[in-house]
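Chains A and B are the protein sequences, given in the same order.
With my numbering applied, the first sequence closes on residue 398, and no number is skipped along the way.
With my numbering applied, the second sequence closes on residue 142, and no number is skipped along the way.
Some clues are possibly wrong.
Restricting the straight-line Cα-Cα distance to at most 30 Å, the calculated cross-link-like pairs of lysine-lysine (DSSO-like) are [claimed, not checked]: (1) B:Lys58 x A:Lys36; (2) B:Lys42 x A:Lys182; (3) A:Lys181 x B:Lys115; (4) A:Lys181 x B:Lys4; (5) A:Lys192 x B:Lys41; (6) A:Lys45 x A:Lys8; (7) A:Lys358 x B:Lys120; (8) B:Lys103 x A:Lys192; (9) A:Lys358 x B:Lys17.
From chain A, some residues computed to sit far from chain B (all C-beta separations above 12 Å) [to be verified]: (10) Gln239; (11) Arg246; (12) Arg371; (13) Gln379.
Hints were generated in silico from the structure; no laboratory data involved.
Virtual Cβ for every residue (Gly too), placed ideally from N, Cα, C.
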Amino acid sequence: MGDTKVKKTYAEINAKIKAGEVVVVTAEEMVEIVQKHGPVEAARKVDVVTTGTFAPMCSSGAFINFGHTRPGIKASRVWLNNVPAYAGLAAVDCYIGATECGEDDPLNRVFPGEFNYGGGHVIQDLVAGKSVHLKATAYGTQCYPSNQAEKMVTLQDIPWAVLCNPRNGYQNYNCAVNFGKKMIYTYMGALKPNAGNANYCSAGQLSPLMNDPLYRTIGLGTRIFLGGGIGYVVWQGSQHNPSVERTEGGVPMRPAGTLMVLGDLKQMTPRWLVGVSIQGYGTSLSVGLGVPVPILDEQMAAYTGVSDQEIVTQIIDYGEDYPKGKARSLGQVTYAELRSGEITLAGSGIPEKFRGQKIHTVPLSSMVRAREIAETLKQWIRHKRFVLGEPQTTLPSV
Amino acid sequence: MYSKMIILHFPRQALEKPLVCNLARDFDLTFTILNATINPKKEGMMVLELSGTPQHFKAGVQYLKDHGVEVESVGGQIRRVTEICTHCGSCTAVCPTGALSVKTPEMEVVFDQDKCSVCKLCITACPPRAMVLRPTNGSFKG
Ligand code: SF4
Ligand code: SF4
Chain A
1 MGDTKVKKTY
11 AEINAKIKAG
21 EVVVVTAEEM
31 VEIVQKHGPV
41 EAARKVDVVT
51 TGTFAPMCSS
61 GAFINFGHTR
71 PGIKASRVWL
81 NNVPAYAGLA
91 AVDCYIGATE
101 CGEDDPLNRV
111 FPGEFNYGGG
121 HVIQDLVAGK
131 SVHLKATAYG
141 TQCYPSNQAE
151 KMVTLQDIPW
161 AVLCNPRNGY
171 QNYNCAVNFG
181 KKMIYTYMGA
191 LKPNAGNANY
201 CSAGQLSPLM
211 NDPLYRTIGL
221 GTRIFLGGGI
231 GYVVWQGSQH
241 NPSVERTEGG
251 VPMRPAGTLM
261 VLGDLKQMTP
271 RWLVGVSIQG
281 YGTSLSVGLG
291 VPVPILDEQM
301 AAYTGVSDQE
311 IVTQIIDYGE
321 DYPKGKARSL
331 GQVTYAELRS
341 GEITLAGSGI
351 PEKFRGQKIH
361 TVPLSSMVRA
371 REIAETLKQW
381 IRHKRFVLGE
391 PQTTLPSV
Chain B
1 MYSKMIILHF
11 PRQALEKPLV
21 CNLARDFDLT
31 FTILNATINP
41 KKEGMMVLEL
51 SGTPQHFKAG
61 VQYLKDHGVE
71 VESVGGQIRR
81 VTEICTHCGS
91 CTAVCPTGAL
101 SVKTPEMEVV
111 FDQDKCSVCK
121 LCITACPPRA
131 MVLRPTNGSF
141 KG
């Protein structure tokens, strides 16, 4: 950054947190502060802005070491409550992925499948303190002779468990509409035919990466709220793509940045890691994620002042285009419009017979929970329970 | 496929007969018994989920009535478990009556029991399974 009127460092902000003098507001509260006082004054007043998001995040899972058995086993296949976990790691390590379905799940054989229990549910059961049935099979070695092991485990007696999500917190996401003639069931929810509804999934002005659109303060080592505990950003997530078209304020107009995050599963809670069943699609895990954004200068204040009126996304047809691998934009809407409950399909990209049609909008990301996360993180910082982590390197930007 | 939840009240004299079993045998209907009790006066009560084609359904219900069984349809038995609901909004995509809707600007999902037609579409559309059929508890009266 060149010359700025306000300049703060992470160390200064953390000193204020420790002294109990820090000023923290949520990203929703910051919208009004910046509108009222302008970015420079807002940067002088506010030290940290907290964000939050809560939605199904499929690229999630947990590494688990379930402890050595007697006699020993080098597990080559592992199941947790009959859901397969990946076991191609050391003897008693495995990875349970959120979208893995139970071994006997009927899947989509009777369409749309219900997907009642999968990896996301196993993770929620573990953090809820429930005991989970573990089964492992092996070919047997001289050092680990067992061929099979079975036991009930709880998160408490597992030696080590880490939530490690390769892609969370998508910065912006599509608005899904079905312009086809048949009802479809997608990872974006149920979409009625003939543009019956418009589903979207972002916390908008509260969303972590919308408040630091060019990733100036987010990267390896950023300390975050994760699943109800404290976690870290460890890398850019899969599909992280900073080079998309952006608004004047730097906000991407379609899916862009993503986060890879990690944290101690033992600190997490079932309120913030919720196993979910997406009809016709599969199982997943709804993850609560919140990132504190340090207001280092007026540019960060301006970024965090972004409102739903200034954030746009693209209308994509999930009836025909998306399944074919085409995700062309048929129109653009703001999050303020989406959150009003109804949008009007407008613009030349919209198929003619639907132009002008008003359709009902469906949020898939919970604003109620996102707000609660931003508020919780604010309280943690205020009460000196949480200090900012200065990133060692920030995420790739433009 | 047509599916509906009904409550059957059996008079004393109808209790002996395999009426419900005949629904499957003679009318090609399938059923799930959700609750069944016999009171001290030896009258029976049963909550059934009955499925089949609309014609078979109608004929089956008529058969029960012809044998003195009182048939009542169940209303308002869908419940939202508020501790499980995350206010994600997914259910509002399928709810045909507007019983489930998003309140703006709070973005809270509200459930208006009075508007619910008990179509049950929300049960499998709700990702964390917060929408449930109200457990019946035998306190039904004829
Ligand atoms: S049962 Fe049907 S009408 Fe009632 S809330 Fe669920 S979707 Fe709406
Ligand atoms: S889909 Fe389920 S969790 Fe989501 S708002 Fe509706 S009832 Fe609540």
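Each hint tested on the structure:
1. Of the pairs offered as hints, the one joining Lys58 (chain B) and Lys36 (chain A) is violated, with about 66 Å between alpha carbons and a cut-off of 30 Å exceeded.
2. For the proposed pair Lys42 (chain B) and Lys182 (chain A), the alpha carbon gap of about 51 Å is over 30 Å, so the pair is violated.
3. A threshold of 30 Å between alpha carbons decides the hint, and for Lys181 (chain A) with Lys115 (chain B) the separation of about 28 Å falls inside it, so the pair holds.
4. Restraint check for Lys181 (chain A) and Lys4 (chain B): the C-alpha separation of about 28 Å stays at or below 30 Å, so the hint holds.
5. For the proposed pair Lys192 (chain A) and Lys41 (chain B), the alpha carbon gap of about 50 Å is over 30 Å, so the pair is violated.
6. With a C-alpha separation of about 12 Å, the suggested pair Lys45 (chain A) and Lys8 (chain A) falls inside the 30 Å cut-off, and the hint holds.
7. With a CA separation close to 26 Å, the supplied pair Lys358 (chain A) and Lys120 (chain B) stays within the 30 Å bound.
8. A hinted pair counts as satisfied when its Cα atoms are at most 30 Å apart, and Lys103 (chain B) with Lys192 (chain A) qualifies at roughly 21 Å.
9. Simply put, Lys358 (chain A) and Lys17 (chain B) have alpha-carbon atoms about 56 Å apart, too far for the 30 Å limit, and the pair is violated.
10. Consistency note on Gln239 (chain A): stated as away from chain B, and its beta-carbon is indeed over 12 Å from all of that chain's, at 22 Å minimum.
11. With a cut of 12 Å on Cβ distances, Arg246 (chain A) stays outside the contact zone with chain B, its closest approach being about 26 Å.
12. Listed as a non-interface residue, Arg371 (chain A) fails to keep its Cβ farther than 12 Å from every Cβ of chain B; the least gap is roughly 8 Å.
13. Once the 12 Å rule is applied to beta carbons, Gln379 (chain A) is consistent with being away from chain B; the minimum gap is 20 Å.
Of the numbered hints stated above, those contradicted by the structure are hints 1, 2, 5, 9, 12, listed in ascending order.
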